[in-house]
Amino acid sequence: MHTPSIFIVIPAYNEGTIIQSVIAEIRSAGYTNIVIVDDGSTDGTYEKAKEIPGIVALRHLINRGKGASVKTGIEGARKLGADIVVTMDGDGQHNPSDIAPMITSIDQGYDVVLGSRLKDCTGMPKYKIIHNHIGNILVWMLYGLWVTDSQSGFRAYSKNAITKIDTKTDRYEYDSEVIREIHRHQLKFIEIPIEVRYTEYSMGKVQKMNLTNGIKTLIKMILSS
Amino acid sequence: MSIYQIILATVAFLFLSNGILKFIKRERSQTFFKLFLTLTIWGSILFFSLFPKTAQEFSSAIGLGENLNTLIFIGFVIIFIIVFKLLNIIEKLEQNISEIVRKEALEKIDKKL
Chain D
3 MHTPSIFIVI
13 PAYNEGTIIQ
23 SVIAEIRSAG
33 YTNIVIVDDG
43 STDGTYEKAK
53 EIPGIVALRH
63 LINRGKGASV
73 KTGIEGARKL
83 GADIVVTMDG
93 DGQHNPSDIA
103 PMITSIDQGY
113 DVVLGSRLKD
123 CTGMPKYKII
133 HNHIGNILVW
143 MLYGLWVTDS
153 QSGFRAYSKN
163 AITKIDTKTD
173 RYEYDSEVIR
183 EIHRHQLKFI
193 EIPIEVRYTE
203 YSMGKVQKMN
213 LTNGIKTLIK
223 MILSS
Chain E
114 MSIYQIILAT
124 VAFLFLSNGI
134 LKFIKRERSQ
144 TFFKLFLTLT
154 IWGSILFFSL
164 FPKTAQEFSS
174 AIGLGENLNT
184 LIFIGFVIIF
194 IIVFKLLNII
204 EKLEQNISEI
214 VRKEALEKID
224 KKL
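Protein sequences appear in the order of chains D and E.
At position 31 of the first sequence the residue is numbered 33 (the numbering used here), and the sequence of numbers has no breaks.
At position 79 of the second sequence the residue is numbered 192 (the numbering used here), and the sequence of numbers has no breaks.
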């Protein structure tokens, strides 16, 4: 029986202090094919990732955004023969033990598995819950598909999905654009609850979504819709 | 009917038909939301260019009775359209830059294969 080739894609921007431990945790969960996409970091993230043997480390010469990095990573994994691609954030907020149920769902015939923080939002800050609900409503209005967590970056894709999904946006609006593509291609998807670890490190990053970024994301979503 | 009315109605009709055709052809760039915007904006322009008296009654009713105010309003609409077009162009340029950066990043894999 053919064992599917699973690739984990991690976009990383200035995650130099944590990237090696994120990789180590994924490896200890049993996944060896890891693609790190350094998005023009200035803190040596690429060099740190490259130090680990067996890692596919790619680098954007200049910062292009999370969406652009994920797309590069998926494209790289596809070229390397991936059957299943899992995308997760590079700041360690996603738990690698959630990958297994995602793979199971893909094996059951789903094209896309969306990790949802809102299926069980214990420990999630209230403002993030509100922000996510607003995002979900906007995605539903613009793209016509209702999901419980349209902004989650922890997702799994089948080979069929990575061939069909074609995104154009580069930054945080990417996650919403994927929802549009699921709807457009009528891909079979499922949402499963995921754990999110809100550490001091992940909450302290300046690149995270704030009101200004939220408005920019909305404008880009409208332009790309 | 004045020459301005004919020009405005023709332009509005062209934009409307283009938007509807794109939606019928199910072109990727044309979503229901964009069609809705096209129908609202260009539909209103077509309607008011064919029935200008309605516009006068409407502007009097909402306190925009003077010609100067109408001109300022039209100016805002034009600026809005220009800004929208510029944002679209910038977005397209950004996408092209990302595509070049991506190709460069993936060269490493291409060389290995």
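For the record, the hints were derived by calculation from the structure and aren't laboratory data.
Where is the CB? At the ideal position from N, CA and C, for every residue including glycine.
Warning: the hint list may mix true and false statements.
In silico PhoX-like pairs for lysine-lysine, Cα to Cα no more than 20 Å straight-line [as the list claims (entries may be wrong)]:
1) E:K225 <-> D:K81
2) D:K218 <-> E:K147
3) E:K205 <-> E:K147
4) D:K52 <-> E:K221
5) E:K205 <-> D:K218
6) D:K121 <-> D:K190
Covered stretches of chain E (in silico footprint by chain D; criterion: 3 or more residues with CB under 8 Å from a CB of chain D, positions within the stretch not fixed) [claimed, not checked]:
7) 163-172
8) 208-221
So the derived label-pair ranges between C-beta atoms look like this [as the list claims (entries may be wrong)]:
9) D:K52 <-> E:K216: 16 to 26 Å
10) D:D168 <-> E:I116: 42 to 52 Å
11) E:I175 <-> D:T150: 37 to 47 Å
12) D:K128 <-> E:L134: 23 to 33 Å
13) D:K190 <-> E:F164: 27 to 37 Å
14) D:N215 <-> E:F146: 20 to 30 Å
15) E:S130 <-> D:N215: 32 to 42 Å
16) E:I187 <-> D:T165: 46 to 56 Å
17) D:N215 <-> E:I210: 15 to 25 Å
A quick look at each hint next to the structure:
1. E:K225 <-> D:K81: With a Cα-Cα distance of about 10 Å, the restraint between K225 of chain E and K81 of chain D holds, given a limit of 20 Å.
2. D:K218 <-> E:K147: holds (18 Å)
3. E:K205 <-> E:K147: holds (17 Å)
4. D:K52 <-> E:K221: OK: K52 of chain D and K221 of chain E at ~13 Å, within 20 Å.
5. E:K205 <-> D:K218: Holds, at about 16 Å.
6. D:K121 <-> D:K190: holds (19 Å)
7. 163-172: Violated: only 0 residues of the segment 163-172 of chain E have a Cβ under 8 Å from chain D.
8. 208-221: Since 9 is at least three, the answer is holds.
9. D:K52 <-> E:K216: 16 to 26 Å: holds (20 Å)
10. D:D168 <-> E:I116: 42 to 52 Å: holds (45 Å)
11. E:I175 <-> D:T150: 37 to 47 Å: This hint holds: roughly 42 Å between Cβ atoms.
12. D:K128 <-> E:L134: 23 to 33 Å: violated (46 Å)
13. D:K190 <-> E:F164: 27 to 37 Å: violated (50 Å)
14. D:N215 <-> E:F146: 20 to 30 Å: Check passed, 21 Å falls within 20 to 30 Å.
15. E:S130 <-> D:N215: 32 to 42 Å: With a Cβ separation near 37 Å, S130 of chain E and N215 of chain D satisfy 32 to 42 Å, so the hint holds.
16. E:I187 <-> D:T165: 46 to 56 Å: holds (47 Å)
17. D:N215 <-> E:I210: 15 to 25 Å: Between N215 of chain D and I210 of chain E, where Cβ atoms are some 19 Å apart, the hint holds.
Violation of the numbered hints given earlier is confined to hints 7, 12 and 13; the remaining hints are satisfied by the structure.
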